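Colleague: For reference, the chains in residue letters:
2 protein chains.
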Amino acid sequence: MEFIIHNDCFNKAISEVRKGISSKTPLSILMGIKIVVNKESVILIGSNSDIIIEKRIPLMIDGVNVVEIVETGSIVIPATYLSEIVKKLPSNIHIKTNEKQLITIQSDEIITHISGLNADDYPRLPDIQHNIFVNIGSNELVELFKQTMFAASSNEMKPVLTGVHMTFSDDKLVVVATNSHRLSKREICMKMGVKASIIVPRSSLQELAKLFADSDEIKLFISNNYIVFQSKDITLYSRLIDGVYPNTTGLIPKESKTRIRLNTNQFLKGIDRACLFASEWRNNNVNLTIVEGDKLKISSLASEIGKIEETQLMRSIEGEKELSISLDGSFLMDALKIINEEEVMIHFGGSMSPILIQPVGNPSFLQLISPVRTY
Amino acid sequence: MEFIIHNDCFNKAISEVRKGISSKTPLSILMGIKIVVNKESVILIGSNSDIIIEKRIPLMIDGVNVVEIVETGSIVIPATYLSEIVKKLPSNIHIKTNEKQLITIQSDEIITHISGLNADDYPRLPDIQHNIFVNIGSNELVELFKQTMFAASSNEMKPVLTGVHMTFSDDKLVVVATNSHRLSKREICMKMGVKASIIVPRSSLQELAKLFADSDEIKLFISNNYIVFQSKDITLYSRLIDGVYPNTTGLIPKESKTRIRLNTNQFLKGIDRACLFASEWRNNNVNLTIVEGDKLKISSLASEIGKIEETQLMRSIEGEKELSISLDGSFLMDALKIINEEEVMIHFGGSMSPILIQPVGNPSFLQLISPVRTY
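Sequence order for the protein chains is A and B.
With the numbering used here as the guide, the letters of the first sequence map in order to residues 177 to 551.
With the numbering used here as the guide, the letters of the second sequence map in order to residues 177 to 551.
Certain hints may be false.
Copies of one chain are not kept apart here, so a pair can be met inside one copy or by any two copies together.
To be verified - Simulated pairs of lysine-lysine, BS3-like, Cα-Cα distance not exceeding 30 Å:
id: 1; residue 1: Lys188; residue 2: Lys408
id: 2; residue 1: Lys322; residue 2: Lys386
id: 3; residue 1: Lys445; residue 2: Lys195
id: 4; residue 1: Lys513; residue 2: Lys263
id: 5; residue 1: Lys408; residue 2: Lys272
id: 6; residue 1: Lys483; residue 2: Lys200
id: 7; residue 1: Lys272; residue 2: Lys483
id: 8; residue 1: Lys264; residue 2: Lys483
No lab work stands behind these hints, which were simulated from the structure alone.
These numbers come from a predicted model, not from an experiment.
Put together the whole structure using the sequences plus the hints.
Modeller: Here's what the structure looks like:
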């Protein structure tokens, strides 16, 4: 195997596939990047137990030659060393392997030798059927996951809740995540004519959001145990979480006693300030109270240290004008941060019922937060 | 005590004095910021066992009113809460205390109450005699310390070596730091007519470098147990380290077998690359060898993993043309990073003698690094 590659381009590819590589793995071959050189491209692969990232570098990018292939072949190179050395090399990089898996990396007067591993020992990529499932804009897909995945659980005791539930039906995709105390649900219209219900690890979707930030369109496949996202030059395979996701439809309240409309950003800033003392509590308690009929008082109290309170004018209020509820301030902040709309509508069902948060003008997105008990 | 202060200005002052506050201190009052309000200014004080930072905010800055004093007085406010809340307040900040040390912080519709502490319980500032010792440009002073303090020891077993030694004589100031394996020494001309020899904790000088980065001129005082640095609005008091600093003059070799001249930046980059495998060794071993009479080979080797080598053309060589030495690559990088000059001269006394590094054209600055044994 032998090729010469443009420095920047190789650096970028290495840093992309490294996102798939865990530094803690009992399989030493998975600490490496697999490099496959064929006549048309150089392919880099990095993987861990959850995801596989495959990056393809073609011979030319935007009319510029970036790769020159001397001899095809494949090898696995320790990811940390490859990444560190390539970052520090001044110009084009010449990589060559011999039959003993010894790799020579040269750039100008600088010569490095690293021991590689046999590419045949690297786990095989899962097979995917190439019947395209659906095409989707990357911005839309990334937003869909950003608005839901934060609500998933971090507790490994209930593995299904650590993932994000995706339900494909005839004309829409519904994405839900919950940790039992809060829930986020987002729908998008999508014609695909296939039904499926899968649970994807949150960690995979976090990598997706970073990897595909500047892609145009993404192809989405589902195979037996994998979901696959593919842009022009990157493919991300994520394993699925086994199990049955709880039915969350019944959790969403149909009625409310009080509905208030607020400026999203102003409310977020108020909650952020109230969290100052809230962090002294186990549940980051922040209190919301309706005062004088048209104002919302946001307050928190840590009796030993101090208290903070402010009142904000509501944009509108419907239903009962009496309300006092305690919520986890950090959940509220997470919920408000990922709303793009200027206004939010909050539905209250009483001090012991979950609140429902919806951006005004976007019925496809809703969030629930359960109240906390105060003692 | 009561005053109204401009948001940005208060924020900046809090973040400056917080640098002096340790989050781990058995004295809870030292976790607070002391605020003293007199008729002309608001003064903030933060301190730990090593340093005290005093910041003075005058009523006007650049012709703009930033403070309005309602009532003079003093209080100690928990630093973390004060800092967090002030960052998040939208406009001018109104601070008021009552006789029970309860503090009210108000900005627009936002009201916070925090319990304060009695300012009389805060440790007193050390007395300094106001006979000005010396005036010095802040850039010059900060550079002087940056070029030396990194070489001090991190090992608390020899406390004097964790500090930086400052020797004031009739016409110059000599600053030295060493950890027994490397040494950095810098001199500047300075007329002051007083002799003194003190050891200043490295941590204090690190804070100094941050605090006085954009000051013009600094006044420097020395009292019994303190060195004091004072700009227009900030005063930094640092305690001194007790003890006798070793005589380092004898360590500096007077003769050398080989002297080579190199491009500083190119040499630094080469050492950086060689450190790739050097980190596998206990001492970050990097080898320097003269080859072909006019080239320097930089190499490192971790037999299990790989090796890296490169050759650089030397700008000049004097003396013996045979040399092979092993050095701690991270020490070499530290030494080269703080040299501003384009070229360095390196003096070698043999493979077991320390090397001497001097910027070409700057005889006031020198560094020593001891070789490491290779097995």
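Colleague: List in ascending order the numbers of the hints, as given earlier, that are violated by the structure.
Modeller: none
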